[in-house]
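Visitor: Sequence:
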Amino acid sequence: MVKIATVFFTLPFFPFFPTMSLGQGGNPFIVVDANHKKVLLANEADRKVPVASLTKVATVLVALDWIYSQRGDKNAVMVVPPSAATLGGANPLGMQPGDRITVRDAGYAALMASDNVSAETLAAHFGREMQPRVGARDPMSAFVDQMNALAHELGMSRTKFANAHGLDHQSRYGTSTARDMARLMIYGLRNPSFNFIVAQSSRDISYERGGQRLGFTIKNTNQLLGKFGVDGGKTGSTRRAGDCLLTTARKPDRFVPINGNQKRRIPYRLVTVVLGSPDRFGQTSNLIQQGWSAYDGWIAGGMRVADPSEILSIGH
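Going by numbering that gives the first Met the number 0, the first residue of the sequence shown is number 0, and it counts up by one from there.
In short, the hints are calculated from the structure, not lab data.
Incorrect hints may have been included.
[Claimed, not checked] Restricting the straight-line Cα-Cα distance to at most 25 Å, the calculated cross-link-like pairs of lysine to any residue (SDA-like) are: (1) 47 to 312; (2) 36 to 298; (3) 37 to 191.
[What the hints assert, rightly or not] Quick list of simulated restraints, FRET-style, between CB atoms: (4) 306 to 199: 45 to 53 Å; (5) 304 to 253: 36 to 44 Å; (6) 72 to 281: 19 to 27 Å; (7) 128 to 201: 26 to 34 Å.
Glycine included, C-beta positions come from ideal geometry on N, C-alpha and C.
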């Protein structure tokens with residue numbers, strides 16, 4: 000199998016971390032400092048559940064990793080596959096099989112507008128390139144295999160992707176956990192292209208049908224973008240998964256005195272995941288604020304780690 004991702008290694012994984020509900024309800028969630036990987040808040044963070052369109056984070060990251068490893072072109076034109084006709088779910092651009100869209104615009108549509116057809120098209124296009132190298136039975140299987148290979152490399156041991164879009168009304172659907180999705184997002188934060196896409200509130204994109212160019216302005220479905228320091232993320236929602244939200248939030252770095260005139264720079268960035276939430280935007284905004292308080296308390300206490308399970312491991 001072709002290895003398409005470069006993964007950074009940290010501490011080994013310990014599966015247990017104390018549950019902290021903090022009045023946030025019983026659904027799974029986690030808040031992690033993105034730099035030191037300190038788990039700040041968590042509730043049922045290892046429960047396996049469908050994660051809906053949060054799946055598309057893995058889809059786009061696998062596509063970007065493949066482009067970088069093969070020196071590919073994000074302006075390459077892809078053809079919407081026949082399988083797009085039977086997907087269902089969100090298709091905000093109204094694309095049909097045979098339409099043509101660039102890799103770049105499909106990435107924007109998949110992450111910002113949660114467009115299922117764009118995700119399916121990315122998987123079919125890159126899966127055809129991957130198939131001869133990985134020996135899969137078809138392009139879509141080749142691509143999904145690489146999504147699961149990335150999950151394995153990141154230590155997402157309780158994750159199994161079944162498709163590139165996250166829809167769960169079909170016979171096979173993927174599952175993950177809040178902790179594993181936090182691992183995936185922290186990996187994504189290392190990719191400048193991914194960071195740029197998820198930070199956009201709107202974007203003009205286009206695709207071609209029968210020689211005619213059709214233009215659209217897509218809006219980011221992440222309603223918290225630009226609020227509470229939120230600078231990226233991904234929404235997801237299906238009947239089986241409920242409402243899900245993955246966000247990143249940032250505050251200005253702090254400089255803490257350590258010895259004499261020396262200071263230590265403390266980066267401030269959180270990753271928050273809520274799954275099956277009764278109020279994903281309200282819950283996430285509360286968790287972000289509580290997360291900052293927990294992070295400040297950890298720093299004030301000397302950033303001590305009493306148990307390795309307090310640190311989110313990424314990689315094997």
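Visitor: Does each hint fit the structure? Answer for all of them.
Guide: Hint-by-hint comparison with the structure:
1. 47 to 312: holds (18 Å)
2. 36 to 298: holds (13 Å)
3. 37 to 191: holds (23 Å)
4. 306 to 199: 45 to 53 Å: Given about 39 Å between the Cβ atoms, the range is violated.
5. 304 to 253: 36 to 44 Å: violated (19 Å)
6. 72 to 281: 19 to 27 Å: violated (41 Å)
7. 128 to 201: 26 to 34 Å: holds (30 Å)
When each numbered hint is compared with the structure, violations occur for hints 4, 5, 6.
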